[in-house]
Amino acid sequence: SQQGEEDPQALSIQEGENATMNCSYKTSINNLQWYRQNSGRGLVHLILIRSNEREKHSGRLRVTLDTSKKSSSLLITASRAADTASYFCATDISDYKLSFGAGTTVTVRA
Amino acid sequence: DTAVSQTPKYLVTQMGNDKSIKCEQNLGHDTMYWYKQDSKKFLKIMFSYNNKELIINETVPNRFSPKSPDKAHLNLHINSLELGDSAVYFCATGGRMNNEQFFGPGTRLTVL
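Taken in order, these protein sequences are the chains called A and B.
With the first letter of the first sequence counted as 1, position 68 gets the number 68 in the working numbering; the numbers rise by one all the way through.
With the first letter of the second sequence counted as 1, position 33 gets the number 1033 in the working numbering; the numbers rise by one all the way through.
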């Protein structure tokens, strides 16, 4: 079974707006990662947050992690058309093994 | 230079056939993976190799046989293809255990 679950499944926003998506997981983790997948392409790593971190920034991305609630959020600020993609969270459930959710599909309208 | 490459990008074949997908990485990473992504975008790990040794086999049918001739290559051979094997298969590599992974562009397999 999948460890991570993203919410919402799909999100449609206007260019310039912020997009927020959430990830919940079940077991304890060492780190949580977010990936982006453009249509027809492979996944691209965006950001990794360790279990002892609460917030991390990378450019227009902000990730939070709440280990007590077993949840994480990804915020994309000032969205652009190029941000249209599916976003996945991944948790390390054991050595050499990441578990991915089903992703949130984000559509940014011009 | 493409960091992780896969061939072919598309594969259309009949049920019962045998096919192979090749993966090569030039990142010098020790660990390589095969993932299967279904039509609902669920991405599930199939195999993990570290230094050419099989580390993880996620109860994948033995019709699927990965082979790692060296650290830069991890190929996937599939025997007796079934309709349910239709999916996108991704190769990935990782430098350090459970850290960032680098994905190939995927191989879309369609079994008719």
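Think of the hints as simulated: they come from the structure by calculation, not from any bench.
Since we're looking at a predicted model, the values are computed, not measured.
Some hints here could point you the wrong way.
So the derived list for chain A, only partly shown, Cβ under 8 angstroms to chain B, looks like this [as the list claims (entries may be wrong)]:
#1 Leu11
#2 Ile49
#3 Tyr96
#4 Ala102
#5 Val108
Non-contacting residues of chain B with respect to chain A, defined by C-beta distances greater than 12 angstroms in every case (computed) [unchecked claim]:
#6 His1077
#7 Gly1084
#8 Arg1108
Pairs of lysine-lysine residues, derived as BS3-like cross-links and limited to a Cα-Cα distance of at most 30 angstroms, are as follows [claimed, not checked]:
#9 B:Lys1019 with B:Lys1067
#10 B:Lys1071 with B:Lys1019
#11 B:Lys1036 with A:Lys70
#12 A:Lys69 with B:Lys1052
#13 B:Lys1009 with A:Lys56
#14 A:Lys26 with A:Lys70
#15 A:Lys56 with A:Lys97
#16 B:Lys1036 with B:Lys1052
#17 B:Lys1019 with A:Lys26
#18 A:Lys70 with B:Lys1071
#19 A:Lys70 with B:Lys1019
#20 B:Lys1009 with B:Lys1036
#21 A:Lys56 with A:Lys70
#22 A:Lys26 with B:Lys1036
#23 A:Lys56 with A:Lys69
#24 A:Lys97 with B:Lys1067
#25 B:Lys1044 with A:Lys70
#26 A:Lys26 with A:Lys97
#27 A:Lys69 with B:Lys1040
#28 B:Lys1040 with A:Lys70
#29 A:Lys56 with B:Lys1044
#30 B:Lys1009 with A:Lys26
#31 B:Lys1019 with B:Lys1036
#32 B:Lys1022 with B:Lys1067
#33 B:Lys1019 with B:Lys1041
#34 A:Lys97 with B:Lys1036
#35 A:Lys97 with B:Lys1022
#36 A:Lys70 with B:Lys1022
#37 A:Lys69 with B:Lys1019
#38 B:Lys1009 with B:Lys1040
#39 B:Lys1044 with A:Lys69
#40 B:Lys1041 with A:Lys56
Cβ coordinates follow ideal geometry from the N, Cα and C atoms, glycine included.
Against chain B, with CB atoms and a cut of 8 angstroms, does the hint on Val108 (chain A) hold up? Violated - the Cβ of Val108 (chain A) stays beyond 8 angstroms from chain B, reaching only about 18 angstroms at its closest.
Just to be careful, I want the Cα atoms of Lys1019 (chain B) and Lys26 (chain A) compared with a cutoff of 30 angstroms; is the pair within it? Judged against 30 angstroms, a Cα distance of about 36 angstroms means the pair is violated.
30 angstroms Cα cutoff - pair Lys1041 (chain B), Lys56 (chain A): Measuring from Cα to Cα gives roughly 26 angstroms; hence the hint holds.
Between the alpha carbons of Lys56 (chain A) and Lys70 (chain A), is the straight-line distance 30 angstroms or under? Holds. Lys56 (chain A) to Lys70 (chain A) sits at ~16 angstroms (cutoff 30 angstroms).
Holds or violated: Lys56 (chain A) and Lys1044 (chain B), Cα atoms, limit 30 angstroms. Given that 30 angstroms is the threshold and the Cα spacing comes to 26 angstroms, the pair holds.
Is Lys1019 (chain B) within 30 angstroms of Lys1036 (chain B), Cα to Cα? 15 angstroms, holds
Is the hinted pair Lys26 (chain A) and Lys70 (chain A) satisfied, with a Cα-Cα distance of at most 30 angstroms? Measuring from Cα to Cα gives roughly 7 angstroms; hence the hint holds.
Sort out whether Lys69 (chain A) lies within 30 angstroms of Lys56 (chain A), counting only the CA atoms. 17 angstroms, holds
Do the alpha carbons of Lys1009 (chain B) and Lys56 (chain A) lie within 30 angstroms of each other, as the hint requires? At roughly 35 angstroms apart (the allowed maximum being 30 angstroms), Lys56 (chain A) and Lys1009 (chain B) break the hint.
Under the criterion that the straight-line Cα-Cα distance not exceed 30 angstroms, is the pair Lys1019 (chain B), Lys1067 (chain B) satisfied? 13 angstroms, holds
With a cut-off of 30 angstroms on the C-alpha distance, tell me whether Lys69 (chain A) and Lys1052 (chain B) pass. Since the Cα atoms of Lys69 (chain A) and Lys1052 (chain B) sit roughly 38 angstroms apart, the hinted pair is violated (cutoff 30 angstroms).
Given hint Lys1040 (chain B) paired with Lys1009 (chain B) - CA-CA distance at most 30 angstroms: Holds - the C-alpha atoms of Lys1040 (chain B) and Lys1009 (chain B) are around 19 angstroms apart, at most 30 angstroms.
Checked against the numbered hints above, the structure breaks hints 1, 2, 5, 8, 12, 13, 17, 18, 19, 30, 36 and 37 and satisfies the rest.
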